[in-house]
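**Q** For the record, the sequence lines run as chains A and B.
Its first residue numbered 29, the first sequence is counted upward by one per residue in our numbering.
Its first residue numbered 1419, the second sequence is counted upward by one per residue in our numbering.
I should point out that these hints are in silico values taken from the structure, not numbers from a laboratory.
Some hints here could point you the wrong way.
What the hints assert, rightly or not - In silico DSS-like pairs for lysine-lysine, Cα to Cα no more than 27 Å straight-line:
(1) A:Lys69 x B:Lys1647
(2) B:Lys1804 x B:Lys1742
(3) B:Lys1804 x A:Lys53
(4) A:Lys69 x A:Lys45
(5) B:Lys1742 x A:Lys61
(6) A:Lys45 x A:Lys254
(7) A:Lys254 x A:Lys61
(8) A:Lys69 x A:Lys53
Residue strings, one per chain:
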Amino acid sequence: MTTVPIHDAASHGTTKKVVTWREYKAAQHFRNKEEEFDGVKLGMWLFLATEVLLFSGLFCAYTIFRLLYPQAFANGSSYLDWRWGGFNTVVLLISSYTMAASIRWVQLQQYARAQANLLFTIGCGGLFVLIKFLFEYTPKWSGWFFFLDPALSHYPDSGQRALGGLFHFVDGYGGKRPGELFSYAFSSDPYEHLWWSVYYSATGIHATHVLIGMGLIFWVYLRVRKGMYGPTHYTGVEMAGLYWHLVDLIWIFLFPLLYLIH
Amino acid sequence: MASIDNRNANTIGAAAGHGHGGGHHDEGSYLSSRGGLIATIWDWATTIDHKKIGVMYLSAVLMMFFFGGVAALAVRTELLEPVRNPSEGVVTGQWLGSFLGVESTNIAKNNQHYNRVFTLHGAIMVFMVIIPSVPAALGNFFIPILIGAKDVAFPRLNLLSWYIYVTGSIFGVLAILLGGVDTGWTFYTPYSTTTDADQMRVVYMVLAAFILGFSSILTGLNFVVTVHKLRAPGMGWFDMPLFVWAVYATSILQVLATPVIGITLLLLIFERLFRVGIFDPGLGGDPVLFQHFFWFYSHPVVYVMILPGMAIINEIIPVHAHKKIFGYRSMAFASLGIAAVSFLVWGHHMFTSEGELAATVFSALTFLVAVPTAVKVFNWVGTLYKGSISMTPPMVYALMFLFLFTIGGLTGLPLATLSTDMHLHDSYFVVAHFHYVMMGGTIIAFVGGLHHWWPKMFGRMYNNRAAIIFALVQFVGFNVTFFTQFVLGTRGMPRRYASYVDEFQLLHQISTVGSYILAVGFTGSLAVFVHSLLAGKKAPQNPWGGLTLEWHIESPPTTHNFHKEPIVHHGPYDFDTVLPPGWDPEDYPVPNAREQAAAYARAAHSHVGHEKH
């Protein structure tokens, strides 16, 4: 039985050969592949727990400010279109299915199908972010742009000062600006900006997770294409799947809280 | 001279072998380099060996400890004299101001500089020194060895978390170079969201804490999986050394508490950049919400800081008293108990900002922490009782820990009691209390652990007498510095002030002199270590007569730690039945060594043929 000590292979970087799933042996400090798979899975679940706790802060803030300012939240929520939110929910649910399917196809050595499913999942993620950005964020910003201009560092609002002359939001048509500025001119509640703060923080951080997930799945896709995963070794696909399902799950909670409850 | 015969096979049993790692008997120590300077640096920078990563953490932590220490000395120097005259500047404020090129005679400006120096001290010591000190530096090095593994579960992630730590520290230093932050390490809103509103440095400092949190999460996650999955055959949960138990409890805290500070700091950054208003009362937000979020993390993190200190004492005391630890299981459960209770007591940092009922409940819960903590202290003392104590430097540090930590722990009780806390809140009493726990507890244990494992890590002995002398200098300096602060606190000196009334001057001066003595002590310890590296005697395999797995292997260990997968036949502290491996009775006498040797030989014999797998 010959094994390459992982330390030497990695620390000297001489072997860049692709290890296919048939040749794959567990990293040298694990006794076997099963133990390694269990370990990685435990690590991934712990990581998912940290993600849930990260979002729990946002859910907590949502609950508190909803209780403090119910009218502001009802008003703010009414500006969201549940149809876009609902459509995005369906997109993510379908992508969760294709992600799960791709794991199965890898296990069955149906690599073409596995790759198609992975690409479709990435596509769904892209569609989600696109809808979010084009049809939800942009109309609300209505003409607001990020750009660099030190000359504007004393733009009249206090909100601009914090930006240190780097980024500025430029007023186009009097839309909803970040923070205290995230409110309509005709906003009926003085605390409506808190609704927008929670909305943009929660969906923004979630969208960042979608983008990270897409990157992760693309990395897995490349490895599937190289033949690195198969029936006896599919750790990466499964872990990317777990991450993607969690991102999906968080949206499942965000959607009713933000779009459906008034 | 101790015998360094390679008795691995005899003492911990030769595994039938599962193929990996076999046939590497000629491999050198993990420290040996195979090329020139550039190659060596590259080798270290890209290493996934947990021992090298541990040493890299150690260097980084010691460097930050130096910076944080200099800031502490600057704070103490400032407090030698009160600022009586408004035209007089704050000394360190002026000094820092001139260093940063923003010198000013404006008294308010100089007070701000003072605020920046103590924030610098607090933030560096908490986020960059104490939190990573034991788990990331010593834990990285010894957790895999103590459980008989070749590495942590995710070696690349381990290296990544070191780089994340360095990135976070760079942001922290950047914030300092841009002029420093005067929020205190707690970043309380709305002050932290409004101070220096036109500057980015508060954002950088908060970002630094956010990034360091990531590093902490990844290290914790790595250790949890390592302990669950990579224990050697024969090592059940209750055969693990107690160091592993305590670091395991710490890791769980790191994984479960840090994400909450992650989102809090992220929202704080959003607050500064976009004025989201979640924490700003001016915008309808809730500053108390920030405090809840912050302490929901930062209270468990107090135990992230102290549990690893206890972990080290768990190892030092039985080994240097040559006696089985008293109450092994209660020790293990006390670690988990402290971890569990720590999630329920964050409100005791907020007695003045929460409701009366909540304060009462949190006060009661806080007393609960004292129970498992006291169990530990009693067990350590019980272990020492009738032990055969060798007064080695690590043992001296352990005794110092017992003394200082007990004072630190007991002075926590008046702070948990609402009626006394009314008076002691935000006074020097609090400062003294947490320095007795954080510094007298964790830092002293960390330095003690460094003395305990130094021969194993670097293969060199150090001068015992010098090490003990400097330990005692630290002990004296520490008590002179901080015991006076208990007195100052009870007399009403508030924390975080650059000036004070004249009556306090003598006590402040005593405290400042103490901090200089402390500095001498730590510099001395550093000199002892440097001397050891340059001219120390070669360390034997088992200088102290320990039984845990790190004493079964060479000093310093080889790259793969063990030549063959170890099989564990005896508990970590079975000093009554097992003779320490590779140990020379000339070094430190153990009672009835001959009987032990015989018992050990019988035990080893009886295991032949039915080894556990």
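**Q** Evaluate each hint against the coordinates.
**A** Against the structure, the hints come out as follows:
1. A:Lys69 x B:Lys1647: Holds, at about 11 Å.
2. B:Lys1804 x B:Lys1742: The hint holds at about 11 Å.
3. B:Lys1804 x A:Lys53: Given that 27 Å is the threshold and the Cα spacing comes to 51 Å, the pair is violated.
4. A:Lys69 x A:Lys45: Holds, at about 25 Å.
5. B:Lys1742 x A:Lys61: 37 Å, violated
6. A:Lys45 x A:Lys254: 11 Å, holds
7. A:Lys254 x A:Lys61: 20 Å, holds
8. A:Lys69 x A:Lys53: 17 Å, holds
When the structure is compared with the earlier hints, violations turn up for hints 3, 5 and for no others.
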